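Number of protein chains: 2
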Amino acid sequence: MVKSWATLGVDLHLELTGTGVRKGLTNALREAVRSGRLAPGIRLPSSRSLAADLGIARNTVADAYADLVAEGWLTARQGSGTSVAQRPMPTRSVTSPPHRRVPSGPAYDLMPGSPDLSFFPRTAWLKASRRALATAPHDALGYGDPRGRVELRTALAGYLARARGVRANPENIVICSGFAHGLMLLGQVLRGRGLKSLAVESYGLDVHWRLAERAGLRTVPLGFDELGTRTEELAPSGGPAGVSAVLLTPAHQFPMGLPLHPDRRAAVVDWARRGDGLILEDDYDGEFRYDRKPVGALQGLDPDHVVYLGTASKSLAPGLRLGWLVLPPSIAAEVLAAKGGSDWSCGVLDQLTLAEFIASGGYDRHVRAARLHYRRRRDALVAQLAVQAPAVRATGIAAGLHVVLRLPPGTERSALRAAAWQRLAVHSLDRYRHAESTVGRTDALVVGYGTPPDHAWSGALDALCAALSLGGAGGADGAGGVEDFEEFEDLKDFMDRGVGGSFPG
Amino acid sequence: MVKSWATLGVDLHLELTGTGVRKGLTNALREAVRSGRLAPGIRLPSSRSLAADLGIARNTVADAYADLVAEGWLTARQGSGTSVAQRPMPTRSVTSPPHRRVPSGPAYDLMPGSPDLSFFPRTAWLKASRRALATAPHDALGYGDPRGRVELRTALAGYLARARGVRANPENIVICSGFAHGLMLLGQVLRGRGLKSLAVESYGLDVHWRLAERAGLRTVPLGFDELGTRTEELAPSGGPAGVSAVLLTPAHQFPMGLPLHPDRRAAVVDWARRGDGLILEDDYDGEFRYDRKPVGALQGLDPDHVVYLGTASKSLAPGLRLGWLVLPPSIAAEVLAAKGGSDWSCGVLDQLTLAEFIASGGYDRHVRAARLHYRRRRDALVAQLAVQAPAVRATGIAAGLHVVLRLPPGTERSALRAAAWQRLAVHSLDRYRHAESTVGRTDALVVGYGTPPDHAWSGALDALCAALSLGGAGGADGAGGVEDFEEFEDLKDFMDRGVGGSFPG
Chain A
212 MVKSWATLGV DLHLELTGTG VRKGLTNALR EAVRSGRLAP GIRLPSSRSL AADLGIARNT
272 VADAYADLVA EGWLTARQGS GTSVAQRPMP TRSVTSPPHR RVPSGPAYDL MPGSPDLSFF
332 PRTAWLKASR RALATAPHDA LGYGDPRGRV ELRTALAGYL ARARGVRANP ENIVICSGFA
392 HGLMLLGQVL RGRGLKSLAV ESYGLDVHWR LAERAGLRTV PLGFDELGTR TEELAPSGGP
452 AGVSAVLLTP AHQFPMGLPL HPDRRAAVVD WARRGDGLIL EDDYDGEFRY DRKPVGALQG
512 LDPDHVVYLG TASKSLAPGL RLGWLVLPPS IAAEVLAAKG GSDWSCGVLD QLTLAEFIAS
572 GGYDRHVRAA RLHYRRRRDA LVAQLAVQAP AVRATGIAAG LHVVLRLPPG TERSALRAAA
632 WQRLAVHSLD RYRHAESTVG RTDALVVGYG TPPDHAWSGA LDALCAALSL GGAGGADGAG
692 GVEDFEEFED LKDFMDRGVG GSFPG
Chain B
212 MVKSWATLGV DLHLELTGTG VRKGLTNALR EAVRSGRLAP GIRLPSSRSL AADLGIARNT
272 VADAYADLVA EGWLTARQGS GTSVAQRPMP TRSVTSPPHR RVPSGPAYDL MPGSPDLSFF
332 PRTAWLKASR RALATAPHDA LGYGDPRGRV ELRTALAGYL ARARGVRANP ENIVICSGFA
392 HGLMLLGQVL RGRGLKSLAV ESYGLDVHWR LAERAGLRTV PLGFDELGTR TEELAPSGGP
452 AGVSAVLLTP AHQFPMGLPL HPDRRAAVVD WARRGDGLIL EDDYDGEFRY DRKPVGALQG
512 LDPDHVVYLG TASKSLAPGL RLGWLVLPPS IAAEVLAAKG GSDWSCGVLD QLTLAEFIAS
572 GGYDRHVRAA RLHYRRRRDA LVAQLAVQAP AVRATGIAAG LHVVLRLPPG TERSALRAAA
632 WQRLAVHSLD RYRHAESTVG RTDALVVGYG TPPDHAWSGA LDALCAALSL GGAGGADGAG
692 GVEDFEEFED LKDFMDRGVG GSFPG
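Line by line, the protein sequences give chains A and B. For the first sequence, my numbering assigns the number 716 to the last residue and increments by one with no breaks. For the second sequence, my numbering assigns the number 716 to the last residue and increments by one with no breaks.
Because the hints were derived from the structure by calculation, they are not lab data. If you're wondering where the values come from, they're calculated on a predicted model, not measured in any experiment. Cβ atoms here follow ideal geometry from the backbone N, Cα and C, with glycine treated the same way. There's no promise every hint is true.
What the simulated footprint calls covered on chain B by chain A, stretch by stretch (three residues with Cβ under 8 angstroms from a Cβ of chain A suffice, anywhere in the stretch; the number is not a length) [what the hints assert, rightly or not]:
1. 386–393
2. 524–536
3. 543–555
4. 587–599
5. 603–612
6. 645–654
A short list of chain A residues far from chain B (calculated; beta carbon distances all over 10 angstroms) [what the hints assert, rightly or not]:
7. Gly-231
8. Gly-283
9. Ala-372
10. Pro-447
11. Val-593
12. Pro-620
Isolated chain A, as found in the complex:
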C-alpha cells in the first residue's frame, strides 16, 4: 500500500543513510515505475518536496531523477517538472492474467475521510505538548474521570460554543476515542434502552451503520432530496416503526455535501420533542466551510434532545483518536456507565495537549490555515475540471474535504475504469448509499481532496482530470467498471479497506 511518497520510501526499504541514499532512491523509483506502481504520465513531486518528505538532500533527489530520465523511465520538461515516461498501457485480456496484473495499491488516494496528514501541525503540537506536560499535576497521569480530563472538557466547552454554537459545559462533555468509540457507546446505551433500530441517512458510511448494527440496532434509512435528508419521515404517522433515535450529519451531509434545510432541522427537533427522540449529530467537519457563513450545530436548538459528536480526526488527524460527546442530561449517566468506571479509553497526554492547543489559540490558527489550504485545493479542483472535463458537475463544494462529481448518465463505469488505470483510489457515490434506501441511483464519484499530501496533490488532480476526460467521453472500454476488473484486485482491496475499516470518523 502506497499512500504517500514518504511511505513509498519506507515501503521500498530505501537506505536513507550513508552513501547509499542516491542509489537506493533511484532503485526504488525505477522499481515503482517498472512495476506500474507509478503509472505512465504521473507527475512526480518536485525534488525539493520529495527531499523534504524523505529528509534527504534535494540534490540527491535531483540526481536520482536525472539518472532515471537518462535511463528512459522518467521524462523531464522545462516548466512542467518530471513525469513517468509514457509507455503503452497493458491491454485487457483474459488469457494471460499474471502478465497484466496491475500491482498493489493506488498511486493516489482520493477517497474521503482523511485530512491531509502532511498538514498536521507537528511542531506546534509538540510545543503544546511540552507546555501541557510542564504544568499538569502529577495525578493527571493516573486513572481519571470517566468523562476525560477536565482541562480538555473546559477548553472544548468554550470552543464548541464559540465555533459551532454548541451549548456545552465541561460537565456534560465526555471525551472518547474518536467518533467510532462515541457511536459504539451510544449504540450500547440505545440498545440497553430497548431500541431495536436507528434511523440513518440514505447516504452515509457503511462502517457507521455496521457499528450500530453490532450494538444490535437495525439501521433504517430516511429518504433524501434536494433539501437534504427527509427528516419529516420520522413523524410518528407513516415513519419507520420503533425508531426513536436518528443519526444525522446536519451541517454537511456526508457525502452529498449540502447542509440540512432549516425546515428539515425544525422537523427533526419537533419530532424529538414530541416523542422524546434522540438526535445523534455527527459534526465531522463543521470547521471547514468556505463560501457561506458557518452552519451552526443542530445541538444549539435543543441540547436536551441532541447528542453532539465531534472529532479531531478531520481537523487534526485520525491517529489522535480523540472525539467528544456533548450529552443531554437524560443520557449522560448511561453513556458514562457504558464507558466504564474510570477513563479506560483515552490517553491523558493527548487530551492535555489538545486542551493547551485550544486554550493557547493554536487550534484556531491551525483550523484557519487548514481551511485556506483545503479551499485552495477545492478551487483548483473545480477550475481544472471545468476545463478538462466540462461534462462533470462538482456538487457539495461549499464545505468539507470532499466533493461529489456528477457524471453524464451512463458514464460512471467507464470513469471508474479510467480512474483505475490512473491508479486512483476513488469511489462511486453508490458505495455510500444505504442498501435499503429507495433513493434513485446517480452516476457520480465521491472525491476526497483532503487526503493526498501536498506534493502529490497536483499529480492526483491531473490523474483525476485525465480519467474523467477519458471516462466522461465514454472511451472504448466503457463497458467495464473497476468492479469487474481482475487486474485491479489490489486496488479494489485497498478501496474496500478504505470504506470498510479505515474511515470511522
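Given the structure of chain A, go ahead and fit chain B onto it with the hints provided.
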C-alpha cells in the same frame, strides 16, 4: 480529594503568580489544617520539595511555614522538619454529626494500583515524543492497523522476549487501551465462543471480575494456599464446570504477592493443553522484582494457550492508557474483530513515543531507576514497621509496588480505624477476596507503597506505622472499623472509588 501536594495547591486555587503567592499558600495550608484535611502530627514536605512541586521559590514556602508556626498551626523542630500541630482529636459521638464529620479525602493514599506518578519521566518522554514525531511517516497519523502501530509492536516484541521471556513477534501483538480494554476484548471473544464462566483467583480486583461479568462471563474463584492459586482445581474432574479459560497473575499474585509455584504453573499449562483451555496472564508489574531472579512470563511455556497481557500503567503511568496483548494464533482474528476494523482505540502519538522510548533504551533506564526507587521504599517500610509495629508481618515483599501486612488476629478493625484517623486510604485484604472464595479470612492490610509522591512518602509511612502501632495494640476503640464510621464517609467513598473504578490495570 487531595492526593498530592501539587493537587492540594490546585484544589485550593492557590494564586501562584505575582505577589500573592506567599499569602495564597499560607491561607491554603491554614485552611487545610483547620478543616482537618491535614491531620495533626502529619509531617509536611520539606520546603525545597514542596517548592519544586508547586513551581515556586523555596523561600516562599519557608516563609509560609514560618507564618503558620507563629500562628500555632504548625510546629517546627530541629532535625524533624515541620508538622501539623497536635490538637485534640474529635471524639466519637452520634449526637452532633456535623461537628465531628471528618473532611473529605485522604491525607495519604496507600491503596495499591498506581505507581508514583511524580516519578513519570516527563523530560525523557517528551524527548522521545519529539524524536518519534520527527521521523514518523505522515500516514502514521491516519487510520491505522487494528493491531496498533508496527513500530511499537516491533519494539515490544524485542523487549518482552528479553525482559519477560515472552515469545512474541510484531504480528501477534495487539495494542490496547490498558489492561481493562484488553480484558474487555477477551471477555467479548470468550463469550462469543460460548463460554459462560471464567476461572479467577481467590484474591484479585473486583473491577476485573466485573469487567468479565459485563461481558457475560460468571467468575469462578479457584482455591489458594501457600503455593499460590490452586490451578489443579482446573482439572476436568472435580474442577469448576464449563470453564475453559482462567485469569491469573502468575509472576506476582495480586495482591498476595507470591509467584505461582512451578508445580502450579505446570498444572495450568497441562490443563490448557488437554482441553484447549486458554490462560489469560495478567503480568501487571513483572518489571518490579527486587530480591530473587525475575519470574518469567508463563506465556513462554506455551504461546499457543496463553494470552499475555502487559501494561504501561505500572511501569510508566495509567494515564497513558497503553497495554498490549500477545495472542495465540487461534484467537488473534477474533480479538481483532472485537477491536474493530481499524485501530479506533489507541492514539498513535503515545504508541510511537513508547516505541521510540523502548528502542532508545530509555524505557529500560526508567524501569531500572523505578525499581531502585520502589525497592528503597519497600526497604524503608519493612524496616520502620519492624521497629514501630513489630507485631505486623510484611509479606509478598519480593516484588511489585505493594505489600500485604499480616496483623495479629482480631486487630484488623482497630488498625483500619486507626488508619482512618490518620486519614490514610488503605484497604483490608478482605476487599480483594472473591465473594465466592472458600479461602479463610486473614487479618491483613494491602498497602501500595508506590502510590504516594516522593515528598509525601515519609509522612505516609509515619502515619501508617503510627496507625499500626496503635491498631496493633488493640486500642480503646478496637471495636469499630472504618466500615461503620459515619465520620469517615468521604474517606470510604474515596476508597470505594479506588477499588471500584480507578484501578483497572
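Cross-check of the supplied hints:
1. Figure legend: the segment 386–393 of chain B, annotated as covered by chain A; annotation consistent (4 residues with Cβ-Cβ distances under 8 angstroms, at least 3 required).
2. Requiring three or more residues with a Cβ within less than 8 angstroms of a Cβ of chain A, the coverage given for the segment 524–536 of chain B holds, as 6 such residues are present.
3. Given as covered by chain A, the segment 543–555 of chain B passes the check, having 5 residues with a CB less than 8 angstroms from a CB of that chain where 3 are the minimum.
4. Coverage of the segment 587–599 of chain B by chain A is violated [criterion: at least 3 residues with CB-CB distance below 8 angstroms; count 0].
5. Given as covered by chain A, the segment 603–612 of chain B fails the check, having 0 residues with a CB less than 8 angstroms from a CB of that chain where 3 are the minimum.
6. With a cut-off of 8 angstroms between beta carbons, the segment 645–654 of chain B has 0 residues touching chain A; three or more are needed, and the interface restraint is violated.
7. A cut-off of 10 angstroms between C-beta atoms confirms that Gly-231 (chain A) is not in contact with chain B; the least separation is 18 angstroms.
8. Separation of Gly-283 (chain A) from chain B is adequate, the least Cβ-Cβ distance of about 30 angstroms exceeding the 10 angstroms criterion.
9. Every C-beta of chain B lies more than 10 angstroms from that of Ala-372 (chain A), the closest at about 24 angstroms, which supports listing it as non-interface.
10. The claim that Pro-447 (chain A) is not at the interface with chain B holds, since no C-beta of that chain comes within 10 angstroms of its own (minimum 35 angstroms).
11. Every C-beta of chain B lies more than 10 angstroms from that of Val-593 (chain A), the closest at about 25 angstroms, which supports listing it as non-interface.
12. With a least beta-carbon separation of about 34 angstroms from chain B, Pro-620 (chain A) lies farther than 10 angstroms from that chain, consistent with its non-interface assignment.
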